[in-house]
Amino acid sequence: MVDLKNVQSHIIKSGYTLLTFGIKLIDAYLKRGSIVDARKLFDELPVRHIVAWNTMIASYINFKKSGEAIGLFERMMLEGVFPDEYTFSSIFKSFSDLGNEREGQRAHGLSVVLGLEVSNVFVGSALVNMYAKFGKMRDARLVAGQVVDKDVVLHTALIVGYSQQGQDSEALEVFGNMINEGIKANEYTFASILIACGNLEGLSNGKSIHGLIIKSGFESVVASQTSLLTMYSKCGIISDSLKIFKRIANPNQVTWTSLIVGLVQNGREEVALKKFRQMIHNSIKPNSFTLSTVLRACSSLAMLEEGKQIHAIVTKIGLDRDRYAGAALIDLYGKCGNTVMAKLVFDALGEVDVVSINSMIYSYSQNGYGRDALELFNRMKDLGLKPNDVTFISVLLACNNSGLVVEGCRIFASIENNNCELTNDHYACMVDMLGRAGRLEEAEMLIKHVKNPDVVLWRTLVSACRIHGEVDMAERIMDKIIDLVPGDEGTHVLLSNLYASTGRWNQVIEMKSMMREMKLKKNPAMSWVDVDREVHTFMAGNLSHPNSREIIEMLEKLIKKVKILGYVPDTRFVLQELDEERKERSLYYHSEKLAIAFALWRTSNKNTTIRIFKNLRVCGDCHTWIKFVSKVVGRDIIARDAKRFHHFIDGLCSCSDYW
DNA sequence: TTAGGGTTAG
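Going by the UniProt record's numbering, the first sequence opens with residue 1, and the numbers climb by one from there.
Keep in mind the hints are simulated off the structure, nothing from the lab.
Mixed in with the good hints there might be a few duds.
What the hints assert, rightly or not - Below, computed lysine-lysine pairings styled on DSS-like, alpha-carbon distance capped at 30 angstroms: (1) Lys583 to Lys563; (2) Lys519 to Lys643; (3) Lys136 to Lys215; (4) Lys40 to Lys65; (5) Lys136 to Lys64; (6) Lys631 to Lys561; (7) Lys24 to Lys64; (8) Lys40 to Lys93; (9) Lys386 to Lys64; (10) Lys285 to Lys316; (11) Lys64 to Lys316; (12) Lys285 to Lys308; (13) Lys150 to Lys64; (14) Lys519 to Lys480; (15) Lys512 to Lys561; (16) Lys631 to Lys557; (17) Lys207 to Lys274; (18) Lys563 to Lys631; (19) Lys285 to Lys275; (20) Lys150 to Lys184; (21) Lys31 to Lys285; (22) Lys343 to Lys316; (23) Lys316 to Lys274; (24) Lys285 to Lys243; (25) Lys285 to Lys65; (26) Lys343 to Lys308; (27) Lys557 to Lys606; (28) Lys24 to Lys93.
Said to hold, decoys possible - Here are the computed distance ranges between Cβ atoms for each label pair: (29) His449 to Asn282: 49 to 57 angstroms; (30) Asn417 to Gln265: 30 to 38 angstroms; (31) Ser208 to Val47: 54 to 62 angstroms; (32) Asn417 to Glu556: 29 to 37 angstroms; (33) Glu181 to Gly135: 20 to 28 angstroms; (34) Asp27 to Glu201: 43 to 51 angstroms; (35) Phe289 to Gly350: 18 to 26 angstroms; (36) Gly135 to Asp479: 40 to 48 angstroms; (37) Ser208 to Phe289: 25 to 33 angstroms.
Being a predicted model, the structure only gives us computed values, none of them experimental.
Note that the Cβ used here is the ideal one computed from N, Cα and C, for glycine as well.
Please construct the entire structure, taking both the sequences and the accompanying hints into account.
Spelled out as structure tokens, the structure:
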């Protein structure tokens with residue numbers, strides 16, 4: 001506790017005049033962090049000098065109490081004290097913090113009347129900042145242009161403003177002007193301009209600025225190094241980011257985080273997780289940015305165990321209610337097929353927002369809980385939250401994955417009424433939904449309504465044709481795709497598979513030789529499984545795994561057992577012309593079957609859920625086979641394919657055989 | 001005696 005009397009006597013002994021007495025005392029309180037005591041004293045002062053008002057206002061803004069700052073700003077004028085350049089240099093920030101644009105403009109007007117707006121560079125840069133935060137870069141530029149003695153801070157404020165409004169080229173232009181005017185950039189300017197270079201992925205500009213940093217002697221400042229690292233990673237040169245990071249003597253929390261973010265953005269999730277472990281090992285505390293990023297790395301690698309350990313760190317640091325970490329956790333559990341945990345995280349969030357709800361709806365949709373997704377979607381409105389385009393994609397996917405066609409159509413029709421723009425992604429969901437439901441003509445009509453239909457839309461329709469064996473329609477659509485993107489790999493594969501599944505082997509051979517001529521390669525089917533934190537990958541028909549013998553033994557055993565229960569190999573899914581027996585054999589070596597056999601051989605505990613992942617969609621025969629296997633071995637099996645999750649429990653699948 | 005700008009995420 002601060003002893004008022006002691007501070008007072010100390011100040012009196014120091015010989016301050018009556019006028020400065022109050023101000024020094026307020027300062028003393030503020031240095032001890034007690035803004036409430038400072039305010040109490042301020043209110044009791046018999047004479048309130050302008051400096052006292054300014055000190056008090058600036059402190060409120062530093063303590064993030066903008067409302068109180070504005071309150072004092074208004075009161076000083078009522079008491080006949082005119083704001084000066086010091087007042088204005090702080091007060092504009094409180095209007096932007098509160099998003100109070102009109103009041104901010106009024107204060108700007110007042111500063112003009114008092115003739116302070118452009119004569120003082122501090123006031124000018126505060127105004128530039130305010131307008132930039134409101135997205136009014138024209139006003140910001142106008143004010144900046146009139147300021148008499150422009151300095152480096154004013155220019156930096158403009159650069160930051162442009163860059164945050166996505167006008168990075170303008171930011172670069174301001175930087176160029178500043179250098180031409182002979183104003184030297186400092187570490188703040190360099191940090192800001194490098195963000196603009198990163199956003200533009202403008203490596204040559206970035207490199208020249210790197211050179212300038214070295215020349216100006218800011219090379220070893222951590223903030224400059226961090227921004228350089230970020231710039232290189234945004235330009236896709238992650239190796240340079242790693243080189244810079246190596247040279248930094250004492251990387252801080254932000255530096256580590258920037259590196260980890262950059263690695264994930266460049267698809268180097270495994271390295272990112274390795275760096276994260278090093279960061280923890282070096283006793284650097286991660287924050288919400290770090291944790292949400294590494295959690296996303298875990299989701300894309302489907303590393304549930306690693307993700308759970310990071311969840312423990314989230315809890316330990318007290319970020320359970322953080323919306324960024326929360327959304328990333330919901331995503332992780334959803335993508336790993338654990339909707340129950342996703343819901344627990346969601347419910348523990350103090351305040352939900354559109355992003356956390358989107359993540360939860362997406363988790364439901366991937367795991368086939370269409371009704372729950374719809375329920376949450378409806379609850380959004382009760383919470384006063386507006387769905388955005390991502391919400392609509394997630395909820396349409398949910399309808400699609402659960403076969404809720406009527407609901408899906410109704411929601412699709414409502415998108416534009418909700419002030420959301422229809423994108424090709426929305427149309428793709430609908431085409432898939434209608435197509436799978438056999439409404440192929442409607443799906444085609446819908447694509448005709450799209451302004452710029454892309455290849456994905458048409459390919460989705462071809463895929464639906466395959467499900468329903470509509471060869472003629474598929475061929476017709478295929479011609480359209482070839483016009484759009486000659487040599488589209490995915491479409492050729494789709495059509496060749498369609499011919500194969502309808503037994504048109506001559507056309508298959510023709511397609512394959514055509515693809516060979518065009519040098520198109522099929523993406524090989526792959527499944528993988530994480531056993532004891534080690535990832536094992538399997539390819540169809542490839543028996544090169546060191547434990548192949550055991551895997552085949554296990555497979556043979558399983559096949560015998562499931563055949564007794566009624567499994568009949570469905571050779572329609574064999575896409576080669578072979579005799580029936582060889583067709584059956586080739587089915588047995590599908591990658592998902594190999595992965596499951598391996599996991600069953602390695603894990604004997606009945607309570608361990610088996611989780612496998614596949615890069616393409618799970619095939620129909622494997623789907624039936626896994627259902628039987630889950631029954632005969634009494635184990636839960638979760639399979640994530642390119643589209644969604646399948647939970648196999650006791651002979652049934654969560655997708656109800658609709659996928 | 002009081003003042004302004006920077007680095008990381010869905």
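Is it true that the CA of Lys285 sits at most 30 angstroms from the CA of Lys308? OK: Lys285 and Lys308 at ~18 angstroms, within 30 angstroms.
Is it true that the CA of Lys285 sits at most 30 angstroms from the CA of Lys316? 11 angstroms, holds
Take a quick look at whether Lys136 and Lys64 sit within 30 angstroms of each other, Cα to Cα. Holds, because 23 angstroms separates the two Cα atoms, which is no more than 30 angstroms.
30 angstroms Cα cutoff - pair Lys285, Lys243: 22 angstroms, holds
Pair hint outcome, Lys519 versus Lys643 [Cα-Cα no greater than 30 angstroms]: Within the cut-off at roughly 27 angstroms; holds.
Pair hint outcome, Lys631 versus Lys561 [Cα-Cα no greater than 30 angstroms]: 10 angstroms, holds
For the pair supplied as a hint, Lys207 and Lys274, is the alpha-carbon distance within the 30 angstroms limit? 28 angstroms, holds
Agreement of Lys583 and Lys563 with the hint, judged by alpha carbon distance not exceeding 30 angstroms: With Cα atoms ~16 angstroms apart, Lys583 and Lys563 stay inside 30 angstroms; holds.
Satisfaction of hint between Lys93 and Lys24, Cα-Cα up to 30 angstroms: 24 angstroms, holds
Kindly confirm whether 43 to 51 angstroms is satisfied by the beta carbon distance between Asp27 and Glu201. 47 angstroms, holds
For Lys343 and Lys308, compute the direct alpha-carbon distance and say whether it is at most 30 angstroms. 15 angstroms, holds
Holds or violated: are the alpha carbons of Lys150 and Lys184 at most 30 angstroms from each other? Measuring from Cα to Cα gives roughly 12 angstroms; hence the hint holds.
Of the numbered hints listed earlier, those contradicted by the structure are 3, 15 and 32.
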